[in-house]
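**Student:** Start from chain G and add chain A according to the hints.
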Amino acid sequence: ILNVEQSPQSLHVQEGDSTNFTCSFPSSNFYALHWYRWETAKSPEALFVMTLNGDEKKKGRISATLNTKEGYSYLYIKGSQPEDSATYLCASLGGTSYGKLTFGQGTILTVHP
Amino acid sequence: DSGVTQTPKHLITATGQRVTLRCSPRSGDLSVYWYQQSLDQGLQFLIQYYNGEERAKGNILERFSAQQFPDLHSELNLSSLELGDSALYFCASSPGTADTQYFGPGTRLTVL
Chain G
2 ILNVEQSPQS LHVQEGDSTN FTCSFPSSNF YALHWYRWET AKSPEALFVM
52 TLNGDEKKKG RISATLNTKE GYSYLYIKGS QPEDSATYLC ASLGGTSYGK
102 LTFGQGTILT VHP
Chain A
17 DSGVTQTPKH LITATGQRVT LRCSPRSGDL SVYWYQQSLD QGLQFLIQYY
67 NGEERAKGNI LERFSAQQFP DLHSELNLSS LELGDSALYF CASSPGTADT
117 QYFGPGTRLT VL
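Residue numbers (this note's numbering), protein chains in the order written: chain G, 2 to 114; chain A, 17 to 128.
Since the hints were made in silico from the structure, they are not lab data. Every clue listed holds true.
As a list, the in silico BS3-like pairs of lysine-lysine whose alpha-carbon atoms are at most 27 Å apart:
1) G:K60 to G:K79
2) G:K43 to A:K25
3) G:K43 to A:K73
Calculated Cβ distances over 12 Å to all of chain G for the following chain A residues:
4) T23
5) L27
6) A30
7) R79
8) S95
9) G100
10) S102
11) T126
12) L128
Backbone N, C-alpha and C define an ideal beta-carbon position, used for all residues, glycine too.
Extracted from the complex, chain G is given alone in its bound form (with noise of 0.2 Å):
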């Protein structure tokens, strides 16, 4: 893998669904892997920072996973809210890029009420 890529690209779910989304990495000198939400209108917004494999990161109902020997990352969404519904980034920083930030093109949730 030589760029980020996440997948799906978008996703419509149902409100009180759960559901996750891919996010893969170059996984030669990692550094750390960068989670956004953006919300239409407004700027990214950082959920999580994860440097170390296997690490686990959780906020509310939003949780994330990472694997670097593999190149990738999974973050879930427990029961979707309509307030969920946002653009997903993950972005990947190399270890000799200080904060140069490689994005993936995100995943687009819409969850519907």
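**Tutor:** Just chain A now, kept in the frame of chain G:
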């Protein structure tokens, strides 16, 4: 509100012109980053400054330049503007060089 401010919010200008976008980081943050988001493109990293010095550079065009001043605010200068430069430009800041980045509200640039 992330604490990062950007001015102006909107900017409409003509091809060939030059504009300056301004960013004030969160209090205490030493790093400032600039990103571009064009139509159908993801967030593209342009450049990072840390405490006044350039630290990382992305695919920033030669027509674009940036600087970070002693008070830590930053400016992104875009010159000889082309239609394709129309985009949303975000500034972000962080305490160090690889921490969580806090994004400003963005400046929407329209080149006519």
